[in-house]
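Please put together the full structure from these sequences, using the hints given.
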Amino acid sequence: MKNKHPKLNFGIELDESIQVDGVSATATKFGESFRGIFRWQQSFFKLVWKQAIIYYIVYVSITLFYSFALDSGNQANFDAITSYLARYTSSLPVVLLLGFFTSTALNRWFSIMASMPGTNRPIALYVASLKEDAADGCARVDLYIRYVLLMWLLTFRIVCKPLRKRYPSLLSIQAAGFLRDHERLLLEKHKQQPGGRSKTLPLVVYDWLNILLRDTCQKGYFTVANDFGRNIDAIQALKKGGGNVIRFASKNVPVALIQAVTLAIYCYGIVSVFSHQIEKHYLTSVLSGYFPLPYALPFFFYYAWLKVGRIAIDPFGSDEDDIDILNIFDGHINGAMRLRNCYGVKITIPSTDSSTFLLS
Amino acid sequence: MKNKHPKLNFGIELDESIQVDGVSATATKFGESFRGIFRWQQSFFKLVWKQAIIYYIVYVSITLFYSFALDSGNQANFDAITSYLARYTSSLPVVLLLGFFTSTALNRWFSIMASMPGTNRPIALYVASLKEDAADGCARVDLYIRYVLLMWLLTFRIVCKPLRKRYPSLLSIQAAGFLRDHERLLLEKHKQQPGGRSKTLPLVVYDWLNILLRDTCQKGYFTVANDFGRNIDAIQALKKGGGNVIRFASKNVPVALIQAVTLAIYCYGIVSVFSHQIEKHYLTSVLSGYFPLPYALPFFFYYAWLKVGRIAIDPFGSDEDDIDILNIFDGHINGAMRLRNCYGVKITIPSTDSSTFLLS
Amino acid sequence: MKNKHPKLNFGIELDESIQVDGVSATATKFGESFRGIFRWQQSFFKLVWKQAIIYYIVYVSITLFYSFALDSGNQANFDAITSYLARYTSSLPVVLLLGFFTSTALNRWFSIMASMPGTNRPIALYVASLKEDAADGCARVDLYIRYVLLMWLLTFRIVCKPLRKRYPSLLSIQAAGFLRDHERLLLEKHKQQPGGRSKTLPLVVYDWLNILLRDTCQKGYFTVANDFGRNIDAIQALKKGGGNVIRFASKNVPVALIQAVTLAIYCYGIVSVFSHQIEKHYLTSVLSGYFPLPYALPFFFYYAWLKVGRIAIDPFGSDEDDIDILNIFDGHINGAMRLRNCYGVKITIPSTDSSTFLLS
Amino acid sequence: MKNKHPKLNFGIELDESIQVDGVSATATKFGESFRGIFRWQQSFFKLVWKQAIIYYIVYVSITLFYSFALDSGNQANFDAITSYLARYTSSLPVVLLLGFFTSTALNRWFSIMASMPGTNRPIALYVASLKEDAADGCARVDLYIRYVLLMWLLTFRIVCKPLRKRYPSLLSIQAAGFLRDHERLLLEKHKQQPGGRSKTLPLVVYDWLNILLRDTCQKGYFTVANDFGRNIDAIQALKKGGGNVIRFASKNVPVALIQAVTLAIYCYGIVSVFSHQIEKHYLTSVLSGYFPLPYALPFFFYYAWLKVGRIAIDPFGSDEDDIDILNIFDGHINGAMRLRNCYGVKITIPSTDSSTFLLS
Amino acid sequence: MKNKHPKLNFGIELDESIQVDGVSATATKFGESFRGIFRWQQSFFKLVWKQAIIYYIVYVSITLFYSFALDSGNQANFDAITSYLARYTSSLPVVLLLGFFTSTALNRWFSIMASMPGTNRPIALYVASLKEDAADGCARVDLYIRYVLLMWLLTFRIVCKPLRKRYPSLLSIQAAGFLRDHERLLLEKHKQQPGGRSKTLPLVVYDWLNILLRDTCQKGYFTVANDFGRNIDAIQALKKGGGNVIRFASKNVPVALIQAVTLAIYCYGIVSVFSHQIEKHYLTSVLSGYFPLPYALPFFFYYAWLKVGRIAIDPFGSDEDDIDILNIFDGHINGAMRLRNCYGVKITIPSTDSSTFLLS
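Protein chains in written order, with our numbering: chain R, 96 to 455; chain W, 96 to 455; chain P, 96 to 455; chain U, 96 to 455; chain L, 96 to 455.
Don't take every hint at face value.
Restricting the straight-line Cα-Cα distance to at most 30 Å, the calculated cross-link-like pairs of lysine-lysine (DSBU-like) are [stated by the list, open to error]:
#1 Lys141(U) - Lys256(P)
#2 Lys286(U) - Lys314(L)
#3 Lys284(U) - Lys286(L)
#4 Lys314(U) - Lys226(P)
#5 Lys284(U) - Lys335(U)
#6 Lys226(W) - Lys226(P)
#7 Lys260(W) - Lys141(W)
#8 Lys314(P) - Lys441(U)
#9 Lys141(P) - Lys256(P)
#10 Lys226(P) - Lys314(P)
#11 Lys314(L) - Lys226(R)
#12 Lys335(W) - Lys226(P)
#13 Lys286(L) - Lys314(R)
#14 Lys335(W) - Lys335(R)
#15 Lys226(W) - Lys260(W)
#16 Lys260(W) - Lys335(W)
#17 Lys441(W) - Lys314(R)
#18 Lys226(W) - Lys441(P)
#19 Lys226(L) - Lys314(L)
#20 Lys314(W) - Lys226(R)
#21 Lys284(P) - Lys141(P)
#22 Lys226(U) - Lys226(P)
#23 Lys314(U) - Lys226(U)
#24 Lys256(P) - Lys284(P)
#25 Lys314(W) - Lys335(W)
#26 Lys335(U) - Lys256(L)
#27 Lys226(U) - Lys314(P)
#28 Lys284(R) - Lys441(W)
#29 Lys226(U) - Lys286(L)
#30 Lys314(P) - Lys314(U)
#31 Lys284(L) - Lys441(R)
#32 Lys441(R) - Lys256(L)
Computed list of chain L residues with no C-beta within reach of chain R, every gap over 12 Å [stated by the list, open to error]:
#33 Val143
#34 Ile157
#35 Thr158
#36 Ser162
#37 Lys226
#38 Asp228
#39 Leu308
#40 Val366
Since the hints were derived computationally from the structure, they do not count as laboratory data.
Glycine included, C-beta positions come from ideal geometry on N, C-alpha and C.
Have a look at this one:
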């Protein structure tokens, strides 16, 4: 279960899953991205270098064609066409459409990240509120932990391709120990019922968790009676968070808007490369012919901006910039193990605490 | 109750109702919309193709009329008029007005989606908190489920035309099993009272739910006393969510603003098609006469942007992009059945749990 | 208490008060506003038609004066002045100032609408949590309902002129049955005390509600002990919501900003009408002289946009677009009556429920 | 404790403190600001009139100097310089920087206003949850009220100059009755301890409130056991709200941003006054020389916009537009007295309630 | 533990840590920043003065080179190149990209500041809810306080370099008294386990806190049973807040966006300095050659704006404008000591309270 690529992922690492190679790594990396703006990982340059090369080749080809293949009459015709096209660049509402799209996408992204469900709260709450002298306490905790992790896994399998690749079927989930044989059969039976689909499998596990909690309550295993309701709430929140993630992944920003803005940027790029005008002055003719900065820079800034928006729309893929759900899931497993080991642990209160800071 | 068109709807699928044909479908579809920007479903192109054809026909007609029907004097007059009109294009505050309108509409849409009420929480809570040895426990659960679904149905019938078409009257709701005879009479009686309208029917069912909860509490059927309050809250949230949906559907963005922005875009389109100037240069005269891209593209990007805003304003219709409420309601029914079957179910805690992952 | 004008108001209808003439009306109206952009009610056209006529008359007068009263020398002078003024139009930061103002105003409007207090929650909670065998249960419920409605009424009287017109004094409120004689005297006494004003009257009723709740708690009339706290919270929320409404109505967007943006739009309009230049070409001279679209359209789009913002700032008036508080209050009364009739009602659980949908 | 200037303050009036001279005053004032855009109080005109006069004097002086002191050669030089400077006006990114700044400032302002702590909730909760037969009930309520008001006062003294002026020292607070002698000594002792400062004084009072609540709980004076937690929460909220206010006042928008935007606007103004070009046409030379509207209007709209942002950043001062904290504090005192008088008050439930509206 | 630099930090001071040199200092400082826009601390000028000097030197060097080293032919060439480059300045989408970036960064900053975890609530809650006659009450409180502070410290060590410098290792934390020997060994053991890293250390302390709370509950030391759940929640909130801070510090705004906007601004600056055109008129040639305001001002306003955004992205460093975490931590320690001393303190209710304000 070791993650092969322990580098930082775009975005965030959830609760249990913060797994960078030590503290300094993060800090350096973090500082790096500000001190040197020429960092490569997840960078602007990495996003655009392929497009930049193609852009440059096309640009120079047009210049060469213009300079050496066209006579002066055809050059005049060419100039007429390019200046006609150039009008497009200025009339296109690229910036505001782009800003609207990217800010919508990032807002959605931030809000989904803020509401991504975690397994820590329900597990910690259950472990804390279960009486320690319960007959089958440990088995109960194990079962609860397994169900919570299973529910999380089934939810994120729906939206996250890498997770689907690791756990391609219910059998593989069973093999990984999250599912028992009779439970798998129940899940498969559910899928054959009306309205039963892969997307409703987490809800079946949610039912199991509710039943388990009710059983715990009825047997009087909760330390405080109200803990029953608190545990039910934690499971509800897990379900709701999962539903939000699925909704977000299915649709967040209208397809037509994404297409419109992508098309607009591509049109802008194509026009900007074709409409470049070869200046008559011998110095600027070289500049304008072989150094397309005034044409290319706006396009590539737009392009990178667009990319940021599109990455924010589809954060559960396997790109470098996407959220590393596999990593996060491993973190959830580790956290669950840690919390499980807390059940029944006693603490001794030192009779006197003579810490330095308490005496200061 | 099978949904005939299981394709993804614009927007979101609520809790229980996520009903796409399996997992991979979503993923592919989701990837598709980003890899190929030429997808057709819910696309930019589908939104604008009719307008684009009309636009092109008008555009070319004007060019033909100009080139073949007008002599050079009239052509000069025509040029004068078009250049006068063309001023309009640049002076019109289209972009910012449009951005303001669309972002307001999408914000409203996101917030209404986030607060759309579901039936899962109240039902799950009731099932979990009802004592299992209650004499009429099952009948009580059935009644509660039926009332919750009925309240949801009556609420969304107000705003959603397809749902009104499926359940055109209280009798048809009774025929579908959500209403009993004496209950229908009570609802009809309520409509004749002062202040009683179709819009207040869900409130009557809300009263029934409150009475049912109080009855359950007084008979001591709740496992924990505080569950009474928690169930009351869940019903309150359902009522509040329904009220928000109705308010949102009745009015969300001022009509005058919608009209202003729609008129501005249409004016922009009409002017852009009429004001096109035939260039004198023989090459660009062909381009400007028959390839209206510099005129048409901005308009169609604006138009698609406007459409996105207007779809966000009216999400409960029967368009392809609207929220499929019928589908969602079927999901709520299936979810309710699932939760109902959890009532009274016992769970056995395995004495030892030797899952792989617990030993890792 | 029948509302004479049952048309939809700009904005929202709160909880109990949704009172449109049936369901289809809303839907049609709603659809209308999108299908036909030429609807009149609350429309763009209704907002601007008077200004448009004045604008046109002034515009044509100037043209006529220019064409027939000025000789060519004076015409040149006139042209010089108008072209000097025309600079103003382009230099004025109208769009962004306007967008800033309107989006601030609408955001405030949405947030106040979301936090407008309702009477349903406190009343429903009290009715649900009061023991049914309480000696004076019904009288207690009646008193509670009356106080809640009175507190809502006194709060909204502060901000809403139509409500003040219907209930001009405490005596008229007493005549309507919301106040008893000794209570009115207490309120009037409070107004004479230091810090006592019309604005603090709802707080006195809030005190009464607190006292009533404490009395109910001490007599042991709440079914569950914790219900006391929940009822206190509901009253607190009502008070807080009322405070928010008063604060919003007193001040929401700085006066200086409203003045600046209004002045800017008016200046823009005046300059646009005076700075219109009569083209020399005989065709465009007619167009520019008598068809002021390129000058007028931007102004009227701005003007409508401004109006939307100003309506959002003052939503409690008696304009067509304002929130119909009278209507909402009637809805609250009806809802209170409905909830009151729930107190003590018994429900019978059918022994078997053989609804169609439960068997599916 | 009567407020000398009972006019409306910019911003909001908090809970208890709404103190306008009666209802109609507000309404009129409110309406006024919309009907007449020429109102003076807190107006655009009041914000800019001084600057406008200076602007006009400088502007006309330059014109006079240009017309009468310079010969035609120097006039040409002058024209060259002004046209060079005029470029600045168009290249400066004034509008967007300004919009960004003002919207950030107003958002912060709205959010701080929404989270400003009030004394009503903790006091009302304590009064409502304290048993009426507690031996020292009244003294306990008095002490609690005094501590809550003291904590509020000590918090707002940190940020609000007028409050510091009214209560310049702990002795003056003691003189006003909010502090007793031994308490003042404790506070002064705290200030000498490490980490003890004026800013931590409210935290000491917060500790007293916690101790008082624990004492009330241990003596069994709360009607319902859970009320202890609810009261603790109310005090926590008061502390948190106070912390937010202090944080907001210390720093909210980065100083560099405020300076940048202020400098940009001032530069814009200076350039606009110096770069005005005297037109050659005899009519427009008068216009451009003595009627600087096209130059001045944009500047003054920017300037008013800037002012709105800066007022929003520093709302606790003593300007006309600032929040009248003195007034609000008086309101809190009055409200506390009102709530105190509720303790122990009995209510009689009328045996029958025959109000008109209940029979309708 | 005295903070050497007690000056105000950019941003906010959290709960316990407000440590300015008295009240008036803040007020003056606060006022200062508005009255004088020429303040130096954290100012616009301090942000840009180095860049401004370099900019001016380069600018003047180019002018001197142009004026004295180039003949008129080369000057013409130079003019051609600069006018070609100057196009870049106008075509670059600097403003909107910058506005988008900065507003995203500031929004994130405000939201992280609002959710920064504090130690006050968990400690105050524990102290308030612990029975005073608990056998080992004081030791228990001491232990709890130590764990809460330790968890806070371990969390912020991950993101904050100055804190890592003060406490470079677990041993140094132990030396400071926050950690005991056997606890340090447990933490070190955890780091060797799979999934154990520096980032998961706070979670181990979180487990200890949970165990301690359960122990307190089982021994019946909570005054009210429900306090157990409330304390668990407070610890959960601390953990969640810490997770948010770590997530925020690891990644908040995509690197590519930061690079794009930084590059765009730098390009803008370089082009603006190189593309400056020497006017031909002898007066303006001096102005344009040696007074680069029209070129430099927009750049420096952009630059300061950019800086504000970048400071907001990395708030935990050791710059003058960053949040002073060391200071805040000292405040938390002081606050913890203060709360600890509240445990077991008795309060005497004065039999009569004759405060002035109560008699008013």
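Indices of hints not satisfied (ascending) = Hints 2, 3, 13, 15, 21, 29, 32, 39 and 40 not satisfied by this model.
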